[in-house]
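Participant: Chain by chain, the residues run as shown.
Protein chains: 2
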Amino acid sequence: MINMEEIDPWGNGLVEYANLFREFGMQKISPETAKRLAKSRLFRRGIIFAHRDFDRFIQAHDKGEPVAAMSGIKPSGEFHLGSKMTAEELIFMQKEFGAKVFYAIADLEAYADNGLGLAEGAENAVSNVADMLALGLDTKNAYVWRQSNEKRVMNLAYIFSRRTTLATLQALYGERNMGLYLSVLTQAGDILLPQLKDFEGPKEVVVPVGADQDPHIRFTRDIAQKFNSEYGFVTPCATYHMFFRSLNGETKMSKRDPMNILTLADEGKALKQKLSNTFTGGRATAEEQRKLGGETEKCVIYELMKFHFYENDEDLKKMYEDCRSGKILCGECKKIRIEKITEYLKAHQEKKKKMMEKARKLVDGSGE
Amino acid sequence: MINMEEIDPWGNGLVEYANLFREFGMQKISPETAKRLAKSRLFRRGIIFAHRDFDRFIQAHDKGEPVAAMSGIKPSGEFHLGSKMTAEELIFMQKEFGAKVFYAIADLEAYADNGLGLAEGAENAVSNVADMLALGLDTKNAYVWRQSNEKRVMNLAYIFSRRTTLATLQALYGERNMGLYLSVLTQAGDILLPQLKDFEGPKEVVVPVGADQDPHIRFTRDIAQKFNSEYGFVTPCATYHMFFRSLNGETKMSKRDPMNILTLADEGKALKQKLSNTFTGGRATAEEQRKLGGETEKCVIYELMKFHFYENDEDLKKMYEDCRSGKILCGECKKIRIEKITEYLKAHQEKKKKMMEKARKLVDGSGE
Numbered sequence: 007m008i009n010m011e012e013i014d015p016w017g018n019g020l021v022e023y024a025n026l027f028r029e030f031g032m033q034k035i036s037p038e039t040a041k042r043l044a045k046s047r048l049f050r051r052g053i054i055f056a057h058r059d060f061d062r063f064i065q066a067h068d069k070g071e072p073v074a075a076m077s078g079i080k081p082s083g084e085f086h087l088g089s090k091m092t093a094e095e096l097i098f099m100q101k102e103f104g105a106k107v108f109y110a111i112a113d114l115e116a117y118a119d120n121g122l123g124l125a126e127g128a129e130n131a132v133s134n135v136a137d138m139l140a141l142g143l144d145t146k147n148a149y150v151w152r153q154s155n156e157k158r159v160m161n162l163a164y165i166f167s168r169r170t171t172l173a174t175l176q177a178l179y180g181e182r183n184m185g186l187y188l189s190v191l192t193q194a195g196d197i198l199l200p201q202l203k204d205f206e207g208p209k210e211v212v213v214p215v216g217a218d219q220d221p222h223i224r225f226t227r228d229i230a231q232k233f234n235s236e237y238g239f240v241t242p243c244a245t246y247h248m249f250f251r252s253l254n255g256e257t258k259m260s261k262r263d264p265m266n267i268l269t270l271a272d273e274g275k276a277l278k279q280k281l282s283n284t285f286t287g288g289r290a291t292a293e294e295q296r297k298l299g300g301e302t303e304k305c306v307i308y309e310l311m312k313f314h315f316y317e318n319d320e321d322l323k324k325m326y327e328d329c330r331s332g333k334i335l336c337g338e339c340k341k342i343r344i345e346k347i348t349e350y351l352k353a354h355q356e357k358k359k360k361m362m363e364k365a366r367k368l369v370d371g372s373g374e
Numbered sequence: 007m008i009n010m011e012e013i014d015p016w017g018n019g020l021v022e023y024a025n026l027f028r029e030f031g032m033q034k035i036s037p038e039t040a041k042r043l044a045k046s047r048l049f050r051r052g053i054i055f056a057h058r059d060f061d062r063f064i065q066a067h068d069k070g071e072p073v074a075a076m077s078g079i080k081p082s083g084e085f086h087l088g089s090k091m092t093a094e095e096l097i098f099m100q101k102e103f104g105a106k107v108f109y110a111i112a113d114l115e116a117y118a119d120n121g122l123g124l125a126e127g128a129e130n131a132v133s134n135v136a137d138m139l140a141l142g143l144d145t146k147n148a149y150v151w152r153q154s155n156e157k158r159v160m161n162l163a164y165i166f167s168r169r170t171t172l173a174t175l176q177a178l179y180g181e182r183n184m185g186l187y188l189s190v191l192t193q194a195g196d197i198l199l200p201q202l203k204d205f206e207g208p209k210e211v212v213v214p215v216g217a218d219q220d221p222h223i224r225f226t227r228d229i230a231q232k233f234n235s236e237y238g239f240v241t242p243c244a245t246y247h248m249f250f251r252s253l254n255g256e257t258k259m260s261k262r263d264p265m266n267i268l269t270l271a272d273e274g275k276a277l278k279q280k281l282s283n284t285f286t287g288g289r290a291t292a293e294e295q296r297k298l299g300g301e302t303e304k305c306v307i308y309e310l311m312k313f314h315f316y317e318n319d320e321d322l323k324k325m326y327e328d329c330r331s332g333k334i335l336c337g338e339c340k341k342i343r344i345e346k347i348t349e350y351l352k353a354h355q356e357k358k359k360k361m362m363e364k365a366r367k368l369v370d371g372s373g374e
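Quick note, the sequences are listed as chains S and V, same order. The first sequence begins at 7 in my numbering and counts up by one. The second sequence begins at 7 in my numbering and counts up by one.
Same shape as in the complex, but just chain S (with noise of 0.2 Å):
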C-alpha cells in the first residue's frame, strides 16, 4: 500500500526519495546516462534522479527509432517553476533526441481539480504556451491539445475504464471524486495518445515528471500493457526530477499556495519581496554563521539558483563555497541572487511577450 502522506500527486507533501526506489522500484539515473546528458543542469546537477525505462528510449533513439516526449500542463494559472522545469525537459528531448513533444493542456482536469471554467483555462494555456515557445519549444516538432477539444483522448479514457477497477484507483489514489479518478484515466489518454496511428503509431514516449506524480505513471504503464494486443502501446517510460520547495520551505512548490509559488511573470517590488521573504539556511546568528557557514541544504535560494536560475556550474559553486565558508551572509547573498533572478525572468518574460500571438494560434488549433 501507499502511504499518501509521501506520494500523492494532488497533495504538497514532502517526499522521502529514498522510499521511492525501495517501495515503487523506481531506477536511478545512472551515472552513464547522467555523464551522456550532461549539457542539461538537470541531469548533470543530479536533480532529474530517477526514471522507468528510459535507458530503452535511449536505445531506441540510438537506433534510429522515432520517439517522442509527452507532458502537460493544467492551465490554472501562470508557469511556476515546476512547470518550467517539466517545459524544459521536454524541449531537451527534442533537441538531443528529436522527439516529438506531445503537450497535453487539461482543461477538463483542471475543471475536474480547480473548478476552473474552460474558457478560463483557453486563455490562461495561451501564457503557458507562450511560455513554452520562449524556452524554446520547436513547434514544427510539437502536438498541442485542449483535453476538452481533443475526442481521441476523451475515447482513450472511456476504453480504458472498461478495464479499470475502483479498486485499483482507490488503491492508487484513496477514496476521491468521480472528477479525480476520472482525471486519471484521462491522463493516461493523454500519455497514449502519441502511439495512436494517427501519430504514426507506438514508439518509445518518455514522460518527464515530477516524483510525486509517479501513481499516473505506474497507472498508465499497467494500462499500455493491459491493451497491448489491441493497440500495441509501448509500456511508456518516465524521467523523475526533484520537486521544488515553497518559498517557505515548508511544502512542495505548488499552485495551490500562491504566495510561496514563483511564477515566470512575476516582476518588480513583488518579486522582489516574494524572494526577500524567501526561506534561507542561515545560522541564529551572525556570528555564529560566520563561524560554521550557512546551510545550503536548507536554503531554499541555493535551490533556486541551483534548480534554475544558474546555468553554469562554477556560479553556483561559487555561491556554494561563499556561504558554507562563512564568507557572506543571507543579506548580501539574497542580493545578488536576486539581482540575477530578477533579470533572468525580465529577459524571459520580453522574449515571452513576443510568442504570444503564436501562442494564441497554437491553443485556439489545438486538439483536432
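There could be a bad hint or two in this list.
The list treats identical chains as one, so a pair stands whether inside a single copy or across any two.
Claimed, not checked - The calculated DSS-like cross-link candidates involving lysine-lysine, where the alpha carbons are at most 27 Å apart (straight line), are:
| hint | residue 1 | residue 2 |
| --- | --- | --- |
| 1 | 312 | 41 |
| 2 | 341 | 278 |
| 3 | 157 | 203 |
| 4 | 157 | 232 |
| 5 | 90 | 34 |
| 6 | 157 | 367 |
| 7 | 34 | 203 |
| 8 | 352 | 90 |
Calculated from the structure, these hints are not laboratory results.
Assemble the complex: chain S is given as a structure, and chain V must be docked to it using the hints.
Facilitator: Only chain V this time, still in chain S's reference frame:
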C-alpha cells in the same frame, strides 16, 4: 436503497411496476393525458404507464415554448422491439409536439458495456438510424450524434464528475467497474446536451425510456439540479414504458440474449421459427383451453400484437376475445399472427432499404 434485482438498467430481470410508484416516486400517466395522446397506441393501451414531470413538458408546449425529446441506442446490433418502442415514442413527440429529436448513438457505452469496437458500432448505427428513418423520423427537426464524436457530451460528463461521489454511484448501481460509472456520467451528458447554448439553451426535454432505465433518469435529474445555477438546466422529464418480455416469457427482451429477441431485421424461416417457439398462454390440454380460454396475460404473442403489431384496437380486441373464449387455440392463433408480423417486418425492411444511404450520411456526419 434500491433492490438491484428489481430495477437494474444493465440487467434483465422483471420489474414489479407497483414498486416503481411506491418506492421511486414515478407518477402515473393521468387519464387526461392518455386520452389527449390516444392516437399513440402506446399511450392508448397504457404501455407508457408512468412519467416524471411530463405534464410540465405538455404545458410548455401548450404555451408555445420549444420542446425536445431525447433518447439513444447502444449500436450493438439490430433494432429490437425495445429500441423500436423508444424510437416510436421520439417520433410521436416530434409529430405531436414539434419536439426536436436528439438521438445519441452510445458507441462509447457499447464499448464499455459490451466491448464493441467503435468502427463496428458506427456500422451498426447506420442500420439503426435507417430503422429510425423508416419508422418516420423527420431529420429536419433532429440531431443525431455518436458519443465518440461529440466532444460536448464528454466535456459534460467530465464536468458532472466533479460533483459526483462514488457513494452516489454505488448506491444507485452497486459495485461496478469504472466503465459503467463513466457510462452513467456520459448518459447524463447525452440527456442534457439539448439544453446547451449551441442548441438554443435550456428547455423542456422528455426522455422516453423503459422503466428499468429510471436510475439513469434520477441521476441525471439530480445533476441537472446541481448544475442549474451554471447552466440553467431545466430538470428533464421522462415517460416510462413497460418493457417487453423475451420470447420465452422469462426475462426482459435484451440484446444479451439474442435467441430470445425479435429484431426489425428478422425474416424468413428464422423468423417463423422464433415465433413458433414463442411462449403463449395455452392451457395444459386442448380441452381445458376450449373450456377455460387461453391466458392472454401470460402470452408473449399477445404482447407482441398489443405492443407492436396491431395498430387497430379492433384487431387486438378480436384476438383477445377469440383467445379468452377458447374459440381458437394457440397453434391456429400463432399462424395468423406470424403472418401479420412477417408482413409488417417485410414492409419495414423494404422501407428501410431505401433509407440506408441517407442513414449513412447522417451517421458519418453525426456529432460535430
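Participant: Any of the earlier hints contradicted here, and which numbers?
Facilitator: Per hint list: single violation, 7.
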